[in-house]
Amino acid sequence: MALRTQTGPYFGDFGGRFVPESLIAALDELGEAYDLAKLDPAFGDELLELGRSYTGRPSIITEVPRFAEHAGGARIILKREDLNHTGSHKINNVLGQALLTRRIGKRRVIAETGAGQHGVATATAAALFGLECTIYMGEVDTERQALNVARMRLLGAEVVAVKAGSRTLKDAINEAMRDWVTNVATTNYIFGTVAGPHPFPEMVRDFQKIIGEEARQQVLDLTGSLPTAVTACVGGGSNAIGIFHAFLDDTDVRLIGYEAGGEGVETERHAATISKGRPGVLHGARSYLLQDDDGQTIESHSISAGLDYPGVGPEHSWLAAIGRAEYRPVTDAAAMEALRLLTRTEGIIPAIESAHALAGTLELGREVGRDATILVSLSGRGDKDMDTAATYFDLYDATGETK
Amino acid sequence: MNPVRTVGPVIRRRNDEARGALIAYLPVGFPTLDESVEAAVALVENGVDVLELGLPYSDPVMDGPVIQAATQQALANGFRVADGFDAVRRITERTDAPVLIMTYWNPVVQYGVDRFADDLAAAGGAGLITPDLIPDEAAEWVAASDRTGLDRVFLAAPTSTDARIRQAVEASRGFVYAVSTMGITGARSDVDQAARTLVTRLSHAGAPASCVGLGISTGAQVAEVLEYADGAIVGSALVKALADGGVEAASTLAADLARGTRVE
Numbered sequence: 182m183a184l185r186t187q188t189g190p191y192f193g194d195f196g197g198r199f200v201p202e203s204l205i206a207a208l209d210e211l212g213e214a215y216d217l218a219k220l221d222p223a224f225g226d227e228l229l230e231l232g233r234s235y236t237g238r239p240s241i242i243t244e245v246p247r248f249a250e251h252a253g254g255a256r257i258i259l260k261r262e263d264l265n266h267t268g269s270h271k272i273n274n275v276l277g278q279a280l281l282t283r284r285i286g287k288r289r290v291i292a293e294t295g296a297g298q299h300g301v302a303t304a305t306a307a308a309l310f311g312l313e314c315t316i317y318m319g320e321v322d323t324e325r326q327a328l329n330v331a332r333m334r335l336l337g338a339e340v341v342a343v344k345a346g347s348r349t350l351k352d353a354i355n356e357a358m359r360d361w362v363t364n365v366a367t368t369n370y371i372f373g374t375v376a377g378p379h380p381f382p383e384m385v386r387d388f389q390k391i392i393g394e395e396a397r398q399q400v401l402d403l404t405g406s407l408p409t410a411v412t413a414c415v416g417g418g419s420n421a422i423g424i425f426h427a428f429l430d431d432t433d434v435r436l437i438g439y440e441a442g443g444e445g446v447e448t449e450r451h452a453a454t455i456s457k458g459r460p461g462v463l464h465g466a467r468s469y470l471l472q473d474d475d476g477q478t479i480e481s482h483s484i485s486a487g488l489d490y491p492g493v494g495p496e497h498s499w500l501a502a503i504g505r506a507e508y509r510p511v512t513d514a515a516a517m518e519a520l521r522l523l524t525r526t527e528g529i530i531p532a533i534e535s536a537h538a539l540a541g542t543l544e545l546g547r548e549v550g551r552d553a554t555i556l557v558s559l560s561g562r563g564d565k566d567m568d569t570a571a572t573y574f575d576l577y578d579a580t581g582e583t584k
Numbered sequence: 020m021n022p023v024r025t026v027g028p029v030i031r032r033r034n035d036e037a038r039g040a041l042i043a044y045l046p047v048g049f050p051t052l053d054e055s056v057e058a059a060v061a062l063v064e065n066g067v068d069v070l071e072l073g074l075p076y077s078d079p080v081m082d083g084p085v086i087q088a089a090t091q092q093a094l095a096n097g098f099r100v101a102d103g104f105d106a107v108r109r110i111t112e113r114t115d116a117p118v119l120i121m122t123y124w125n126p127v128v129q130y131g132v133d134r135f136a137d138d139l140a141a142a143g144g145a146g147l148i149t150p151d152l153i154p155d156e157a158a159e160w161v162a163a164s165d166r167t168g169l170d171r172v173f174l175a176a177p178t179s180t181d182a183r184i185r186q187a188v189e190a191s192r193g194f195v196y197a198v199s200t201m202g203i204t205g206a207r208s209d210v211d212q213a214a215r216t217l218v219t220r221l222s223h224a225g226a227p228a229s230c231v232g233l234g235i236s237t238g239a240q241v242a243e244v245l246e247y248a249d250g251a252i253v254g255s256a257l258v259k260a261l262a263d264g265g266v267e268a269a270s271t272l273a274a275d276l277a278r279g280t281r282v283e
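Keeping their order, the protein sequence lines are chains L and W.
182 is the number of the first residue of the first sequence in my numbering; add one for each residue after it.
20 is the number of the first residue of the second sequence in my numbering; add one for each residue after it.
Bear in mind the hints are in silico, worked out from the structure with no lab data behind them.
One or more of the hints may lead you astray.
Said to hold, decoys possible - Taking CB as the label site, the calculated pair distances span: (1) His223(W) x Thr448(L): 50 to 58 angstroms; (2) Val282(W) x Asp216(L): 48 to 56 angstroms; (3) Ala342(L) x Gln212(W): 42 to 50 angstroms.
As the list claims (entries may be wrong) - Just so you have them, the derived chain W footprint on chain L, three or more residues with Cβ under 8 angstroms: (4) 193-203; (5) 354-366; (6) 470-482.
The beta carbon of each residue, even a glycine, is placed where N, CA and C say it ideally should be.
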């Protein structure tokens with residue numbers, strides 16, 4: 182069977198629905214609405230039109246030769262999801278789920294967010310569709326992504342700073358699930374990544390796979406052949422599955438996901454879930470997970486809020502288990518260097534999340550040599566990360582003015 | 020190994036001699052392991068019929084702020100899953116009440132489902148309540164509980180379809196946990212009418228026993244719930260009493276709750 186045709190609830194041993202019974206009716210409702218929508222040409226047409234006239238699809242590809250000089254001379258091509266409206270790939274999924282929300286007749290949406298990209302995208306779609314919107318964000322993340330908090334509020338969303346647990350993305354998901362259990366009659370949960378209970382991993386992937394479908398053809402048009410490798414950063418893994426999916430059955434194309442290695446996978450401060458975790462159950466799915474011997478989730482660390490998550494989508498766990506995709510860690514330091522390098526050589530400021538894929542690609546380029554072509558998912562832009570970057574690179578002077 | 024002290028006979032007996040059974044939740048290890056054992060024993064001495072010991076877990080999506088705070092403190096104090104078996108053993112040595120463990124699923128998976136069942140049965144435990152495990156995903160636990168004779172309590176919600184209600188009834192042993200209202204744990208001023216409807220649906224589906232939880236905090240609410248249900252489950256209110264006033268306050272509340280089980 183072709184890998185591309187795999188659907189939920191299980192991807193090999195991974196996936197499922199490990200949730201309270203109170204949520205099953207809502208998951209069934211969403212899954213059934215999605216299955217009907219898939220068969221309805223009007224749904225697909227509306228989503229495509231929103232992509233074209235609102236998001237700005239298809240996103241372009243950009244070859245980056247000056248950056249590639251630092252990667253052993255391999256050809257490097259970026260898929261520019263950073264140019265989407267709202268600044269990342271997250272809008273692709275959100276517009277799909279907002280259309281579904283309208284089909285199932287709910288008036289309120291909730292979402293979790295780490296870096297704020299998914300929260301901003303959801304708040305944007307809520308404004309566009311006239312939906313009430315609450316975004317859950319870990320308190321740590323509201324501090325390091327204050328600009329995105331302001332954007333969400335300006336868009337009319339309520340932003341709740343979650344103070345429980347590690348006060349990051351995983352706790353925001355817990356709180357969003359509690360809201361959903363309580364308000365499920367009126368509320369749809371617009372989940373931001375390819376993790377969570379079925380149907381989210383399959384549905385979010387389907388809304389994101391346009392990234393790879395466009396890019397595969399664009400690279401063929403540009404170079405006349407498929408790329409040697411496709412790379413992406415992996416937190417929950419939605420941009421990665423989005424760009425990988427079209428290539429799953431192109432067995433000669435290597436697929437490599439870069440996880441947040443934080444301060445190093447030999448330390449306790451990282452978010453390298455597949456590299457360093459083991460299978461378990463978190464947030465409704467069986468997948469790889471950072472956990473202690475008792476199955477308690479271990480707090481992850483990454484300089485990038487969007488990758489600071491101790492779980493990963495079940496389809497990635499499956500692709501790792503069957504050897505179709507590889508997953509490697511990239512440290513905070515390597516990602517920040519790659520962020521600066523792309524900025525200085527190409528005039529493109531990537532999100533810190535996406536900079537993990539760039540850093541991994543620099544290393545990969547030296548492995549695969551000059552004849553190779555690497556397609557990189559540039560999943561988001563770095564505007565939201567300016568404060569982190571300015572602090573990291575010491576770009577502020579003592580009075581807080583930029584140098 | 021002694022036969023498992025299951026909850027079914029106790030719930031039946033309490034429905035024969037009183038309005039029904041009072042089931043109390045406490046997290047293991049809060050405020051300390053020893054105090055959680057003392058509190059559990061004191062609850063039974065003050066009229067609780069069945070104990071439900073919660074295993075603290077890092078990501079408790081079904082729990083409201085009171086239980087979250089208590090279980091986070093227990094984890095910060097170094098709670099280990101094996102402490103749960105220790106607590107069950109110590110409580111069952113001192114009381115006749117059956118003791119269920121309520122746990123999110125990942126700690127069981129990581130301990131090993133069969134090993135968990137064996138150690139729980141050896142400690143004298145009655146079985147498991149699994150808030151984030153639905154029967155659809157529970158094949159391994161159904162096999163392990165059949166082998167060991169442990170009870171398995173699945174949840175039913177007001178939004179559950181008739182087919183899912185039947186599935187919960189068929190998969191459960193001991194009782195079915197009827198979620199009284201849509202939401203998470205935490206005391207509420209009125210327990211939802213939805214609970215009454217849900218219990219009626221469960222009994223039409225053949226449930227030998229249905230116990231109602233989420234939102235119950237007073238003896239009067241216990242009495243109200245036991246008009247239609249076989250058991251009333253109280254959690255957050257007891258945990259709050261224990262947090263604020265120690266074992267004594269929890270005992271006082273248990274005695275008040277237990278008055279709700281008595282036929283006047």
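Cross-check of the supplied hints:
1. Range check, His223(W) to Thr448(L): Cβ separation about 57 angstroms, and the 50 to 58 angstroms hint holds.
2. Roughly 51 angstroms separates the CB atoms of Val282(W) and Asp216(L), a value that falls within the hinted 48 to 56 angstroms.
3. Checked against the hint of 42 to 50 angstroms, the pair Ala342(L) and Gln212(W) fails, with Cβ atoms roughly 34 angstroms apart.
4. Under the rule that three or more residues need a Cβ within less than 8 angstroms of chain W, the assignment of the segment 193-203 of chain L holds, with 7 such residues.
5. Only residues whose beta carbon comes within less than 8 angstroms of a beta carbon in chain W count, and the segment 354-366 of chain L has 8; three or more means the coverage holds.
6. Three residues within the 8 angstroms Cβ limit are the bar, and the segment 470-482 of chain L against chain W gives 7, so the coverage statement holds.
Hint check: a violation occurs at hint 3 only; the rest are consistent with the structure.
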